[in-house]
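Produce the complete structure using the sequences and hints provided.
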Amino acid sequence: ELVFSTPLSQDVTLKKIYTIDPETYTLGFRTMVENRTSNPVSADVDLLLDGVYPLDEELEGYAFQGPVLLNGKRLEEFKISKVKKAGLFREFTGEIRWFGFEDKYFLTSVIPLETPETTLTIRRISSEIIRLVYDASPSRIEAGTSAGAEYLIFSGPKELGTLKSVGYDLKRALDFGFFDIIAKPLLMAMNWIHSFTGSYGWSIIILTIFIKILLYPLTLKSFTSMKELQKIQPLMKEIQAKYKEDKQKLNQEMMRLYQEHKINPMGGCLPMLLQIPILFALYRVFYAAIELRHTPFHLVGTWLPDLSAKDPYFITPILMGLSQFVMQKMTPTPGDATQQKIMLIMPVFFTVLFLNFPSGLVIYWLVSNILSIIQQAYINRKHT
Numbered sequence: 178e179l180v181f182s183t184p185l186s187q188d189v190t191l192k193k194i195y196t197i198d199p200e201t202y203t204l205g206f207r208t209m210v211e212n213r214t215s216n217p218v219s220a221d222v223d224l225l226l227d228g229v230y231p232l233d234e235e236l237e238g239y240a241f242q243g244p245v246l247l248n249g250k251r252l253e254e255f256k257i258s259k260v261k262k263a264g265l266f267r268e269f270t271g272e273i274r275w276f277g278f279e280d281k282y283f284l285t286s287v288i289p290l291e292t293p294e295t296t297l298t299i300r301r302i303s304s305e306i307i308r309l310v311y312d313a314s315p316s317r318i319e320a321g322t323s324a325g326a327e328y329l330i331f332s333g334p335k336e337l338g339t340l341k342s343v344g345y346d347l348k349r350a351l352d353f354g355f356f357d358i359i360a361k362p363l364l365m366a367m368n369w370i371h372s373f374t375g376s377y378g379w380s381i382i383i384l385t386i387f388i389k390i391l392l393y394p395l396t397l398k399s400f401t402s403m404k405e406l407q408k409i410q411p412l413m414k415e416i417q418a419k420y421k422e423d424k425q426k427l428n429q430e431m432m433r434l435y436q437e438h439k440i441n442p443m444g445g446c447l448p449m450l451l452q453i454p455i456l457f458a459l460y461r462v463f464y465a466a467i468e469l470r471h472t473p474f475h476l477v478g479t480w481l482p483d484l485s486a487k488d489p490y491f492i493t494p495i496l497m498g499l500s501q502f503v504m505q506k507m508t509p510t511p512g513d514a515t516q517q518k519i520m521l522i523m524p525v526f527f528t529v530l531f532l533n534f535p536s537g538l539v540i541y542w543l544v545s546n547i548l549s550i551i552q553q554a555y556i557n558r559k560h561t
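First residue of the sequence shown? That's 178 in the working numbering, and the numbers climb one at a time after it.
I should point out that these hints are in silico values taken from the structure, not numbers from a laboratory.
Careful, some of the hints might be misleading.
PhoX-like, lysine-lysine: derived pairs with alpha carbons at most 25 Å apart [unchecked claim]: (1) 414 to 398; (2) 348 to 281; (3) 404 to 419; (4) 281 to 261; (5) 361 to 250; (6) 408 to 426.
Distance ranges between label pairs, derived from CB positions [unchecked claim]: (7) 362 to 192: 40 to 48 Å; (8) 521 to 559: 23 to 31 Å; (9) 554 to 355: 32 to 40 Å; (10) 551 to 355: 28 to 36 Å; (11) 375 to 427: 53 to 61 Å; (12) 408 to 362: 36 to 44 Å; (13) 558 to 450: 25 to 33 Å; (14) 201 to 506: 16 to 24 Å; (15) 304 to 506: 57 to 65 Å; (16) 188 to 294: 30 to 38 Å.
Given the structure is predicted, the values throughout are model-derived calculations rather than measurements.
Glycine included, each C-beta is placed from N, C-alpha and C at the ideal position.
What follows is the structure, given as structure tokens:
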């Protein structure tokens, strides 16, 4: 224990007591007021937590940085741009389960062990400092006794397992935004695979294979649908030429053609539509999950020094672009020659897009493309 004390008045002392555990990222913390007088005293010991956020500092990146609190079941991430002048403040009232400051990878928070309804005030007190004020309940301390409140202080990484081990729903601090419902299970799956492989690079590859297996029935249906569409291209062109002046009749005849051949014209889009939320969720994971921070993948020497950062040599994005091109050439593309040329531009677009993406995400898309090429080769052979 580490104890700080100060006299509030004669025979009334305030103590702040820290209990240090070297095995965890938590500190026990107690406030205590000792009344050694012969009369009762009232004590109102609020808790203050300061964070340094200069007004002239530009916060970079997509990850949230600033005050955060769990108010009941609602996670509140308070943008510091809302308190641009000293004296401006915002109050949150309710069951404040924990509060503190967070950045991309780390969190410092205070967890009250008792959570009565109270108020947390976020206030800018200077051009440098933002202060959180937790309004603790006033207490009456009888003569010769003491009273106080107990808290936990967490100061450590926003690593899912670590946050879960603390409890108090502190895991909510690791939030991947709109795609959180997909990103968290993907991160948990990656961590589970990592417990066997010892490598996050191989964990990404194995996770990609699992995802491909899960989506294979839809992928098969999609490729089959595109192949069938390609077969009826001559019939489609005849209908388009015959009813080019009558749009309504054209649409009716095209739908009849699809029904006769049992083809869903939108079937080819479904696997890609399902891949998009997975891609965005993995982007958030690779960008903000501390498990991947500064994590290398020694596939060929020390080529990929950090899975959470871009490939410094752009090797994986170029390989991904080549795989996208091969996949595009193998995929049946209904439509005229102009549409087919436009589709061939997509690999270039994806390559440029992925140049600055986390290399872990590029590995995922590269492996996904390679598996798609294998699947397409099998389907093409089956339908030949």
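Hint check:
With a CA separation close to 24 Å, the supplied pair residue 414 and residue 398 stays within the 25 Å bound. Pair hint residue 348 plus residue 281 holds up; C-alpha atoms about 14 Å apart against a cutoff of 25 Å. Taking the CA atoms of residue 404 and residue 419, the gap is near 24 Å; set against the 25 Å cutoff, the hint holds. Between the alpha carbons of residue 281 and residue 261 the distance comes to roughly 21 Å, so the proposed pair stays at or under 25 Å and holds.
Between residue 361 and residue 250, the direct Cα distance comes to roughly 18 Å. Compliance with the 25 Å bound is thereby established for this hinted pair. Our distance criterion of 25 Å between C-alpha atoms is met by residue 408 and residue 426, whose separation comes to about 22 Å. The beta-carbon spacing between residue 362 and residue 192, approximately 45 Å, falls within the hinted interval of 40 to 48 Å. A hinted range of 23 to 31 Å holds for the C-beta pair residue 521 and residue 559, which are about 25 Å apart.
About 36 Å separates the C-beta atoms of residue 554 and residue 355, a value consistent with the hinted range of 32 to 40 Å. Under the hint 28 to 36 Å, the C-beta atoms of residue 551 and residue 355, about 32 Å apart, fit the expected range. At roughly 59 Å, the beta carbons of residue 375 and residue 427 sit within the given window of 53 to 61 Å. Residue 408 and residue 362 have their C-beta atoms about 39 Å apart, which keeps the hinted 36 to 44 Å range intact.
For residue 558 and residue 450, the hinted distance range of 25 to 33 Å is satisfied, since their beta carbons lie about 26 Å from each other. For residue 201 and residue 506, the hinted distance range of 16 to 24 Å is not satisfied, since their beta carbons lie about 55 Å from each other. One distance hint, 57 to 65 Å for the beta-carbon pair residue 304 and residue 506, holds here, with the actual separation near 59 Å. A beta carbon spacing of about 33 Å between residue 188 and residue 294 agrees with the range 30 to 38 Å that was offered as a hint.
Consistency with the previously given hints fails for number 14 only.
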